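J.: Chains as they are written, first to last, in this note's numbering: chain W, 1 to 327; chain B, 1 to 327.
These aren't lab readings, by the way, just hints derived from the structure by calculation.
Keep in mind that this is a model prediction, so the values were computed, not measured.
Glycine is no exception: its CB is placed at the ideal position from the N, C-alpha and C atoms.
Incorrect hints may appear among the rest.
Claimed, not checked - Partial selection, computed: residues in chain W whose CB lies under 8 Å from chain B:
| # | residue |
| --- | --- |
| 1 | Gly126 |
| 2 | Val166 |
| 3 | Thr168 |
| 4 | Pro219 |
| 5 | Ile261 |
| 6 | Lys264 |
There are 2 protein chains.
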Amino acid sequence: MESPLGKIGITLGDPCGIGPEIAVRSLAELDEQSRQRIVVFGDRCAFEGACELVGSRPMVALSEDSQSGLGSEDLRWGHPNDATARAQVVYLDSAVRAIRAGELHALATAPISKAEAARAGFSFPGHTEFLLDRLSAPRVAMMFAGPKLKVVLATVHEAIADLPQVLTCERVASAIELAAHSLQSDFGISDPIIGVLGLNPHAGEGGRFGDEESRVINPAMQLAASRLGPRVKLVGPLVPDAAFRQPFDCFVAMYHDQGLIPVKLVDFDDSVNMTLGLPIVRTSPDHGVAYDIAGQGRARATSMRAAIALAFQLTDMRAALASQKST
Amino acid sequence: MESPLGKIGITLGDPCGIGPEIAVRSLAELDEQSRQRIVVFGDRCAFEGACELVGSRPMVALSEDSQSGLGSEDLRWGHPNDATARAQVVYLDSAVRAIRAGELHALATAPISKAEAARAGFSFPGHTEFLLDRLSAPRVAMMFAGPKLKVVLATVHEAIADLPQVLTCERVASAIELAAHSLQSDFGISDPIIGVLGLNPHAGEGGRFGDEESRVINPAMQLAASRLGPRVKLVGPLVPDAAFRQPFDCFVAMYHDQGLIPVKLVDFDDSVNMTLGLPIVRTSPDHGVAYDIAGQGRARATSMRAAIALAFQLTDMRAALASQKST
Chain W
1 MESPLGKIGI TLGDPCGIGP EIAVRSLAEL DEQSRQRIVV FGDRCAFEGA
51 CELVGSRPMV ALSEDSQSGL GSEDLRWGHP NDATARAQVV YLDSAVRAIR
101 AGELHALATA PISKAEAARA GFSFPGHTEF LLDRLSAPRV AMMFAGPKLK
151 VVLATVHEAI ADLPQVLTCE RVASAIELAA HSLQSDFGIS DPIIGVLGLN
201 PHAGEGGRFG DEESRVINPA MQLAASRLGP RVKLVGPLVP DAAFRQPFDC
251 FVAMYHDQGL IPVKLVDFDD SVNMTLGLPI VRTSPDHGVA YDIAGQGRAR
301 ATSMRAAIAL AFQLTDMRAA LASQKST
Chain B
1 MESPLGKIGI TLGDPCGIGP EIAVRSLAEL DEQSRQRIVV FGDRCAFEGA
51 CELVGSRPMV ALSEDSQSGL GSEDLRWGHP NDATARAQVV YLDSAVRAIR
101 AGELHALATA PISKAEAARA GFSFPGHTEF LLDRLSAPRV AMMFAGPKLK
151 VVLATVHEAI ADLPQVLTCE RVASAIELAA HSLQSDFGIS DPIIGVLGLN
201 PHAGEGGRFG DEESRVINPA MQLAASRLGP RVKLVGPLVP DAAFRQPFDC
251 FVAMYHDQGL IPVKLVDFDD SVNMTLGLPI VRTSPDHGVA YDIAGQGRAR
301 ATSMRAAIAL AFQLTDMRAA LASQKST
């Protein structure tokens, strides 16, 4: 009989990176009831290899559909090859099929190597853009959620030189709205207060160092406010270097490092990357494949553990809110 | 008889901001010997008003040359007028005359209001650019020095949109060299290790999100390394969001908020702004005039106190190094 509680998918990511190790280490710490809600997307040999490394074999379901045919002879930690490049893409494709079939309520993804995945035909800058495309989401945004700071990015993998072109009013408004919806429906904050960062030093100081604050960000805040209604309070455009010690429920940052420099300084390894705007919950650790330490049994599972815990928490929060609405 | 120890000038800044208050509060805590080395540049009535506010009258020299003619009837905390706008510029002009006459070894500047000073004919974005011009320095850079982090900025008050144009190889190399010289001669670190930040997210990830790392920053590091010699070690271009937890003696940041977001998060109110490249030591607190709390007796003097302490420390360090060389 199907469990009434939502299922959580875990993709192992690049099988010769630290993904399998941190996934197994995190899963080994789950209680029996939580483990029954897990489905792992990854080759059996990658999973078993990681269990050996960690010294524990968590009892969880392994998706048959996700087997890429990788053999243990293909698998050397830290040394990618054609088979491992392809395997990480197979895991993701399989997880997407399960999501579309309604079998998963959340997905926590271990890191892929973008360069290796690209060799196997994966044409996206990362998981986020892949899921946006495959799940036909109209718009998504990345949130980094740590114990102290939550930050949503209005732009992600963009060169600094391209920011003035890509930072549009609609894009900023969209990031603000996705942040507000997530605070309300994922974190249960019914009246969130969101700090919206300026782009330029001193937030432009009245147009002296750039005018995106008055030309793009202020109009975006007004647009978002009109769509969100009075329960959401927006404050900004904030002076970036003075903003992060103020107690907002969430910040909307205009570019990658404006948001991630503070997150990584304040929340260290404890922050989790969430994709907002998808039909399911999606979380991931905020680091990469770390080939240099793969297979040595010393990868820290802090962020992966937090990603899985948050996937459970958000799935159950959404289920609780849905059952409230239906009664 | 002239004291053999270097003199420290203090400009009071905007007389109706918090400058006079934080200056007096800091000076009141100095010991007798240190107070004898201080010269205050500011109107008597502004100084006396702040003494009344703080409840203490530190015995220090007041520059006669710096009296702008401001009367107590002109002075209302938080309410600038033509006379106060002009006064802050008079203090700076007077301090520059004293520096040129060889009477000062260091200058710690309380905050001015740039908008007010501009009304009085001050045509510079800030103290740094003013001193660069008036003291005919070939090049300067701003360093923020706190207990945990030191950061030098390659660019300061520039719109994000202008960064690709203003971030030249020579400018980055110059910031690196000024950082290295300051670490060696001001902080006594003979073999400094300097972390040089990338400009783009993930430091461009091999050119995928911008190419300034290979086109500008790497060549600048090579240029600076060839001029600095083998005692200085340069590491970079670093991935910006991962860099600031690494233990470098100093970071060179490519733009204002890349450097100041971490400084203000890690060192809170304890960081001091230093101008590198001037013939004298110059420090200042890292905040503004704060009209909103001026005259209430509750302005925190933490950063001004640290700026004055650092001015003493660097002056004495330079004197010690100079006497080593001459013996």
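J.: Is the shortest C-beta separation between W:Gly126 and chain B less than 8 Å?
T.: violated (11 Å)
J.: Could you check if W:Ile261 really has its C-beta closer than 8 Å to a C-beta on chain B?
T.: holds (5 Å)
J.: Take the shortest C-beta to C-beta distance between W:Thr168 and chain B; is it under 8 Å?
T.: W:Thr168 check fails; min Cβ-Cβ to chain B is 14 Å, beyond 8 Å.
J.: Is the hint on W:Val166 kept, meaning its closest Cβ partner in chain B is under 8 Å away?
T.: Given a least distance of 11 Å, the restraint on W:Val166 is violated.
J.: Using the nearest Cβ pair, does W:Pro219 come within less than 8 Å of chain B?
T.: W:Pro219 check fails; min Cβ-Cβ to chain B is 17 Å, beyond 8 Å.
J.: Does the interface hint hold: is W:Lys264 within less than 8 Å of chain B, judged Cβ to Cβ?
T.: Holds: closest Cβ of chain B sits about 5 Å from W:Lys264, inside 8 Å.
The structure does not agree with the numbered hints 1, 2, 3, 4 stated previously, though it agrees with the rest.
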